[in-house]
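Which chain is which? The protein sequence lines are W and R, in order.
For the record, in the first sequence the residue sitting at position 312 is 312 according to the working numbering, with numbers rising by one throughout.
Whatever position you read off the second sequence (first residue = 1), add 363 for the working numbering.
A hint or two may mislead.
[As the list claims (entries may be wrong)] Incomplete in silico selection of chain R near chain W, CB under 8 angstroms: (1) Phe469; (2) Glu499; (3) Ser603.
[To be verified] Every beta carbon over 12 angstroms from chain W, so not counted as near; a handful from chain R, in silico: (4) Pro459; (5) Glu498; (6) Ala510; (7) Glu632.
The hints are simulated quantities; they were obtained by calculation from the structure and are not laboratory data.
Positions of the beta carbon are idealized from the N, C-alpha and C atoms, including for glycine.
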Amino acid sequence: VSPRTAVAGRRGRAFVVGVAVLIAATLAGLLVGPVRIGAANVFRWLLSFGQTPSGMSEQEALILAELRLPRVIVAGLVGASLAVSGAAYQAVFRNPLADPYLLGAAAGAGLGATIAVAYGPTGAIDVTVPMAAFLGALVGVGLAYGLGRSSVGGRGATSLVLAGVAVASFLTAVQTFLQQQRSETLRQVYTWILGRLGTTGWDDVWLALPSVVLAVTSLWVVRRLLDVIEVGDVEAQSLGLNVTRLRLLVVLAASLATAAAVAVAGLIGFVGIIVPHTIRLLVGGSYRSVLPLSVLFGASFLILVDLLARTVVAPAEIPIGVITALVGAPFFVVVLRRSGGSGGLKERARSASGNPPEGGRAA
Amino acid sequence: MGRRRTVLVTFGLALSLVSCGSDDDPDPAVTADAGGSPSPEAVRFPVTVEGTNGSIRIEQRPERIVSLSPTATEDLFAIGAGDQVIAVDDQSDFPPEAPTTELSGFEPNVEAIAGYEPDLVVFATEPGDLGASLEELGITALQLDAAPTLEVAFDQIEQLGLATGHVEEAEALVADLRAEVDDLVAGADRSAGPSFYFELDDTYYSVTSKTFIGQLFELVGLENIADAAGKGGGGYPQLSAEYIIEADPDLIFLADTECCGQTPETVAERPGWDRITAVADGGVVALDEDVAQRWGPRVVDLLNEIATAAQTAEADAA
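Chain R with its partners taken away, still in its complex shape (with noise of 0.2 angstroms):
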C-alpha cells in the first residue's frame, strides 16, 4: 500500500510537472514589463498583472496593501507578502496573523479604504464600481473576481505573486498544490463513485457540477444529486426535500454549520432524513464553510478532506 500510494504521488507530480511545461496560455509572469525572468532577490518593477479589471500595471513592489477578499488575503499570505498587508476587510478571518479591521468588502467604503493610504488595493467582486473611484484617488486596484476554475484560482496566486514581488514563491506554492491535486485525483475511483448532496444553507440550496465547488467533487469521481436540478443553469439550485430523500444520497456535506446552525444532528431530526443512507451511515460530513466558500490555497485541504469522506464510503460499501 505504502509503495502504491509512492507511485501514486511520483506519477502526481510528474503530470503537474507535465501540465506546468506545457501550458501554453500567455503567461503574464512572462510577457510583464519585468521582462526576462526575475531574480530570486528582487522582482524587478514595473509590472503588469491581469486582474477582473484588465490589465493593471505597478509601478513599485507594494509595500501598503489592502484587501478585501478573505481569499486573496490568503493568496498573499501563503506566497509569504504578508508583511506588505496593513489591512484586510472584516470577512477574512484567515491566517489568524491578517490584520482584521472594520473595512467591508460588500459595501466598501472608499473614504475609509483610501484612509489607509494604501499602494495596492486587491478585491474581488463588489456592487458598484470601486476599481474606477479607487484610480481617481490614484491608487491601484486589482479586482480578482470568484474564480469559476481551479485553473483561475491558481491563476490569481501567480499573479498575486507578480503583483507583489513574491514570483517564485507564489510558483513554488501552486507547483505544490497542483502536486496535492493530482495526487488526490489520481488516489481516487472515477468508476461509479458514491453519491453526494452538498448542503448550501438549511433551506436545501447546493451547487453543480458546474460551480467551482461542484467541479472538487467531480474531480474526486463524487456524483451530484443537485445535478439533475441544473437544467435551469444557475449552478445553485434549491432542492425539494422528497427528491433529496428519493435520491438517497451515500454522503452529505453542510457548508452551513456556522450560517445555520446545522450539525450532523439536526439533519437527522429532519422529518424522513433518518432514512437517507449519508444519514444512517454516518456519512454526515460538517464542512468548514469559509473554505467551502473561498479558492484560495487552502482549497486543497476542502479536496483532501471530500476524497477521505469518499474513500469512507466506498470501503462501506465494499
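For reference, chain W alone in the conformation it holds in the complex (with noise of 0.2 angstroms):
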C-alpha cells in the first residue's frame, strides 16, 4: 500500500467516524432530556416525519418537534460554525490561539446586543438582539480588517490580528460604558453573552442556516490553499496563491459564519481552539482532512454539551459557555498529552512564535 493510499484512508476512516458521531450525537440530543420520553417513541416520531404517532402525547411530541430538534440543530450549526471558522483562522494567521472571535467579533457582537437592549424597541428584543449581534460582529470584523490592511507597511497576517485586539478593546470599552450607563441593561446583556439556547426555536434555524452553509461551503472550497498558505506569505505568493484574497475571502466566511453562531447562541468560547487542535492531533495536519472533520466533530461537541447543560441540574440550566470549558479544557488537555503533542502541533507553534499570542477576545 503506497503511503498516499494509506494516508487516504485514514482521512476516509475519520470521516466516517466523524458522520456516525454526529448521527450518534444528535439522536443522544433528541433522546435525552429533563422530560422523560421513552425512546421507542422517538424512534417512532422520527419514522413518522413529525406526525404524532398513536401511543404518543401531543405534548411529547410537541416537546420533540418545537424545542428539542431545533435546539440541537442549532447547537450543530454553532458548534460547526466555530470549529471550521477557528481552524481557518488558524490557518490564515499562522496563529495556534486564532479562534472565531480573533479580529472582533466577539466585541463587535456584544455591543451591537448591548445597544439592542438599551436603546432597540422593548417589545422586539427576540429579533432585535440577534441581528444586531449579528451586524455588530461584521461590522467588528470590518474595522479590524479595514484598519489592520491600510496600516502602513501592513504586514499581513501580523497587522490584522494587531487590528483585531485594538478593534476589540475598544468596542468592549464602548459596550461597557453603555452598559454602566443603562445598569438595568447588565443582566440582560449578561445572560446573553453566557450564551442561550435554552430559547432556541425554529426562527433560529432559520436565521443561522444560510450564512452557515455558505461560510462553510466557501471555507470547503478553498481548504487545499489553506495547507499552502500555511507556510508562510511569500512562499505561498511565489508558489503563485494570491495570499491577500485567499486571507479576505477566509476572513469574510469565517465572520459570516461566527456572526450567525453569536446571534443566535451567544458567546460560546473555546470550541473553535480545541476542537481543531483535537483533530490535528489525532489525524494530522492538512485542512483536506481538519476542514471537514472540524464540521463533524464541531457540530457533535456542541450537541452533546449543550445535552449536559439541560440535563445536569434538570430541570434548571447551565450556561452553555461554562460547560464547554469545563468539559473541553481536561479532555483537550488529556488529548494533548496521549498524543504527545504530535501530529503537526509542533511545526504550527514553531511557525507561529512571530505572531503575538491570544487576539482580542472580548470577556
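Join the two chains, each given in its own frame, into one complex according to the hints.
Below you can see the structure in the form of C-alpha cells.
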C-alpha cells in the first residue's frame, strides 16, 4: 500500500467515524432531556416524519418538534461554524491560538446586542438582539480588517491580528460604558453573553442556516489552499497564490459563520480552538482532513455539551458557555498528553512564534 | 360573603396584634439610646439603628437624607420622612415626588454623594465599601440589604422610622401592612393551590420558594414549579422550556415586561407554549417588575395581585 493511499484511507475512516458520531450525538440530543420521553416513542416519531404516532402524547410530540429538534440543529450549526472558522483562522493567521473571535467579532456582537437591549424597541427584543449581534460581529471584523490592511507597510497576518486586538478593546470599552449608563440592561446582556440555547426555536435555525451553509461551503472550496498559505505569505505568493485575496475570503466566510453563531447562541468560547486542535492531534495537520472533520466534530461536540447543559441540573439549565470550557479543557489536555504534542502542533507553534499570541477576545 | 370577609379581616387584625405583642426580638426602637417611649412630636436623638453594616449611631434628626436604594426611598416616603430626603438614586422612581438624581446605587460615586452634603445616606447592596468611605468623610451611612423575608422588610421600615424620627408612623405602617398580609393569607385556600411559573427574564430564569418573592407566593398557597429545580441552591434557577411545558402551570407571572418586552401575547407565541393551561385560560399575569424587585410597602399590593390571580384560577378550575 502506497503512503498516499494509506493517508487517504485514514482520512476516509476518520470521516466515517465523524458522520457516525454526529448521528449518535443528534439521536442522544433528541432522546435525552428534562422531560422523559421513551426511546421507542422518539424513534417512532422520527419515522413518522413529524406526525404524532399513536400511543404518544401531543405534549411529547410538541416537545420533540418545537423544542428539542431545533435546539439540536442550532447547537450543531453553531458548533460546526465555530470549529471550522477557528480552523481556517489558525491557518491564515498561522497562530495556534486564533479563534473565531480573533478579529473583534465577539466584541462587535456584544456591543450590538447591548445597543439593541438598551436602546432598541422593547417589544421586539427576540428579533432585534440577534440581528444587532450579527451586524455588530460583521462591523467589528470589518473595522479590524480595514484598519489592519491600511496600516503603513501592512505586514499581512500580524497587522490584522493587532488591529483586531485594538478594535476589540475599543468596542468592549464602548459596551462597558453603555452598560454602566443603562445599568438595568446589565443582567440581560450578561445572560446573552453566557450563551443561550434555552430559548431556541425554528426561527433561530432559519436565521443561522443560510450564513452557515454559505460560509462552510466557501471554506470547503479553499481547503487545499489553506495548507499552502500556512507555509508563509512569501512562499505561498511564490507558488502563485494570491495571499491577500485568500485571507480576505477566509475572513469573510468565517465572520459570516461566527456572526450567525453568535446571533443565535451568544458567545461560546473554546470550541473554535479545541475542536480543530484535537483533530490535528488525532489525524494530522492537512486542512483537507481538518476542515471537514471540524464541521462534523464541532457539531457533535456542541450538541453533546448542550445535552449536559440541560440535563445535569434538570429541570434547571447551566449556561452552555460554562460547560464548553469545563468539559473541553480537561478533555483537550488528555488528548494533548496522549499524543505527546505531535500531529502538527509543534510545527504550527514554531511557525507562529513570530505572531502575537492570543488575539482580542472580548470578555 | 361580606360578613365572612369582615370576620376574616377581624381575625387577621387580631393575629397581627398578637404577633406584634409577642415579638420577642430585642426591638432596637426600645433598646435604643432614645430611652423610654418616644413622644409623638419629637423622637429624642441620638438613636442607634441596626443596619446590615452594624449598629449606626445617629446624633440628630437627619434633614438631608440621600437614598441610594429604591426600596429605602419608598419606605422613607411612606413613613412621612419624604421632606427630609434631598436626593435619591437614578432607579428610585417611586413615589413620583421623590427627588430622582443621576446618583447611582450600583456604581456609587462617593464624591458626587458627598456633594449633596447629606447627614444620612441610606443604601442597599453595592460592590465596594461605600459605608466606610462615607464614614471617613464624617457622613452617617446606613446599609439596608435586600430583605430575605417579609419580617426583615418590615423591620427595615421600623429602623428607618427610628433613624428619621418617625417611629410612630413607621410602626403604624408596619401594623397596617401586617394586617393586610394576614388578611390575604387568611383568605387563601392552602390546600392544593394552583401551580405557577414566575418569569424573571426571557431566558426562563425563575425564583424558588426560598427567595423573598417566592415566599409571597407560598403565603397565598400557590405551588411553585421552579422548586423542583431548587436543589442546587441559589434560589434563581434557569428552567428548561420543555420542563415548563410539561409542568403545565395554571398561572404565569411575568416580571420581565419592561426589561425584556414580554407580554401575555409574546408568551403565547413561544413554540409550544400555547398549550400551557395558564396561556390557554388567560392565566398570564404581567406584574409591575419594579415592585417585584423591591421589598418596600408596595409588596402588599403585589401580594394582593398574586392572591387575586390565585382566586381567579381556583374559581376557573372549580
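12 angstroms Cβ clearance of Pro459(R) from chain W: For Pro459(R), whose nearest Cβ neighbour in chain W is about 19 angstroms away, the distance exceeds 12 angstroms, so it holds.
Hey, is Ala510(R) genuinely clear of chain W, shortest beta carbon separation above 12 angstroms? Answer for Ala510(R): holds, closest chain W Cβ roughly 20 angstroms.
Next item in the hint list is Phe469(R). Is there a CB on chain W closer than 8 angstroms to its CB? This interface hint holds because 5 angstroms falls under the 8 angstroms limit.
Is the nearest Cβ of chain W still more than 12 angstroms from the Cβ of Glu498(R)? holds (25 angstroms)
Does the closest beta carbon of chain W sit nearer than 8 angstroms to the beta carbon of Ser603(R)? At about 4 angstroms, which falls below the 8 angstroms cut-off, the nearest Cβ of chain W leaves the hint on Ser603(R) intact, so it holds.
Holds or violated: is the Cβ of Glu632(R) farther than 12 angstroms from all Cβ atoms of chain W? Glu632(R) is in fact no farther than 12 angstroms from some Cβ atom of chain W, at 9 angstroms.
Close enough to count: is the Cβ of Glu499(R) nearer than 8 angstroms to one in chain W? This interface hint is violated because 24 angstroms lies over the 8 angstroms limit.
Comparing the model with each numbered hint stated earlier shows that hints 2 and 7 do not hold.
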